[in-house]
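Peer 1: Sequence:
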Amino acid sequence: MKWLQTIWMVQLLLRESQTKEDAIRVAKLGVQGIVLSNHGARQLDRGPVPLEILESVVEAVGKKVDVYIDGGILSGQDVYAAMP
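Numbered by my numbering, the letters in the sequence shown go through residues 207 to 290 in order.
Hints are computed from structural coordinates only; laboratory data are not their basis. Take the hints with a grain of salt, since some may be wrong.
[To be verified] Cut-off 25 Å, straight-line C-alpha distance, at most; resulting in silico cross-link-like pairs (PhoX-like, lysine-lysine):
1. Lys-226 to Lys-270
2. Lys-234 to Lys-208
3. Lys-269 to Lys-226
4. Lys-270 to Lys-234
Put together the whole structure using the sequences plus the hints.
Peer 2: Structure, rendered in structure tokens:
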């Protein structure tokens, strides 16, 4: 990751974090953002819903990196729940 950051001059976002522990590990690598994703439950049908782990991930790494979610938004209430 450090090497990639030396040649890639834009923000690095890592997709596929599925747990708070994954996010902490990735944040230590120096990425600027994390995308919580379960591929819309197509490939990982038993993976956590990104919206359900969002709060714990933001609490763990939110000051260090930006946290985004890929899916899990089904209503306006879900949008409200996802906002800081």
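Peer 1: Hint compliance check: list the failing hint numbers for this structure, sorted ascending.
Peer 2: none
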